[in-house]
Structure formats: structure tokens, C-alpha cells
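Q: What follows is each chain in one-letter form.
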Amino acid sequence: EDQVTQSPEALRLQEGESSSLNCSYTVSGLRGLFWYRQDPGKGPEFLFTLYSAGEEKEKERLKATLTKKESFLHITAPKPEDSATYLCAVRILTQGGSEKLVFGKGTKLTVNP
Amino acid sequence: GAGVSQSPRYKVAKRGQDVALRCDPISGHVSLFWYQQALGQGPEFLTYFQNEAQLDKSGLPSDRFFAERPEGSVSTLKIQRTQQEDSAVYLCASSPRARLSQETQYFGPGTRLLVL
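These protein sequence lines are chains A and B, in that order.
In this text, residue positions in the first sequence follow our numbering: the first is 1, and each later residue adds one.
In this text, residue positions in the second sequence follow our numbering: the first is 1001, and each later residue adds one.
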């Protein structure tokens, strides 16, 4: 069964304290791994897509990396405005020939000033 | 430009009532998805439309859930005889093309449904 597991469930950091979030997956036929940011009361906001092991993408203080079994979201010198829930999702091919996203439960990040 | 919009943003229903949730995707987007997000969980896939065709409804939890997109733009998710376990945020997402390939999905703000 296709599965996405994120850890930790919650993470508290001090402003400027770098850390990493983990997303491990077991899927048959990965067609992309996605990172989203979700603020309370809002829909997920797209951050990155990664397609192959070794790929890396960066945006401001965020850097996403991908291996064959997991992805990391590295946060460098975070600021309070980085506080949010970070969701990882894998895109898979369904039996009907369409595609869908399978999400993890997310990591709730709190950055204290 | 305008993103994905959903209405209502909040809905309180009594158990047994029928509800209808609306999604306005980004103009011209071919693909439309519905997800259900329970409190503290990630979104879970419900159904997928390519234009007006519902190509995948494998995630709909029961036959009380019904979705349509008759003209290939606006979509409605209908839940009949609501139950307390239907309480969740219902997210709609759209994508420009039929095959996701290099595309991502753009999410709306969601409709928060509370069934009492």
C-alpha cells in the first residue's frame, strides 16, 4: 500500500535555529514528490516538486532534497513567519489511469522569536 | 490572478441534512480534485475530474458522497444524510492539464464542515 510518513509530528525552533523535516515514502511508481505549506484555515500552498533521487530545490530559507526512500525539507535560520504545517505528498498513478496525491500527516513547525 | 475559490467557507449541518459544497477552479484548468482533510491529518483524495468527466471516484467514502462538474468548470461536492464523521475540511484543487506530469495542483481555501 502506498504510504507517506512525516516526522516529527511537531517541531519547535528558536528563530535562527536550523533543522530538517523528514518525509519517508513507500510507493509503487513515484511520479513526483511534493512539499506544501499549510497555514491555519487555508489550503496547502505549493513549495517544491522533486522527481528523481539526488535532486535538490531551494527557495529562500527552504531546501528540499530527495533520495530513493525519503525527502528532507531543510530550514535554514528560520523566522517566525515560517511557522506553519508542512505537508509532503507523493503523486501516484491510480488503477483507473489517472493520478492523485497521497499526503502525509504533516509536520507542524513553530518558530519562536 | 484569481486562484481556486470555494464556498461556503464554513458550513454547520444537523445530522441527516444534505449539503452542497462548491468549487470554482482557476479558469481554463482541465483537472479538478476534491480532498477531505480531517483535523490534524493530511488531505485524503476523494475524486478527480478531467473537464466534465469524473475519471476517478475511488476515494469517495460512501454512496452518500456525490460530485459533479457538468460544464467542465465549476464543481459541486454533495453529501447526503450527513453524519458526524463527515466533519472535516473539504479541499478543492485544480491543475492546468490532464496529465499532471510537470504540473502541480493549486488548492482552494477549503470548506470547513461541522455536522452536529
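No wet-lab data here; the hints were simulated from the structure.
One or more hints might be untrue.
Chain B stretches covered by chain A per the calculated footprint, using a threshold of three residues with CB under 8 Å from any CB of chain A [as the list claims (entries may be wrong)]:
hint: 1; region: 1049 to 1059
hint: 2; region: 1065 to 1075
hint: 3; region: 1105 to 1111
The structure displayed is predicted, hence computed values, not measured ones.
Ideal Cβ positions, reconstructed from N, Cα and C, are used throughout, including at glycine.
Q: With reference to the structure, classify each hint as holding or not holding.
A: Hint check:
no.	hint	result
1	1049 to 1059	holds (count 5)
2	1065 to 1075	violated (count 0)
3	1105 to 1111	holds (count 6)
Of the numbered hints stated above, the single one contradicted by the structure is hint 2.
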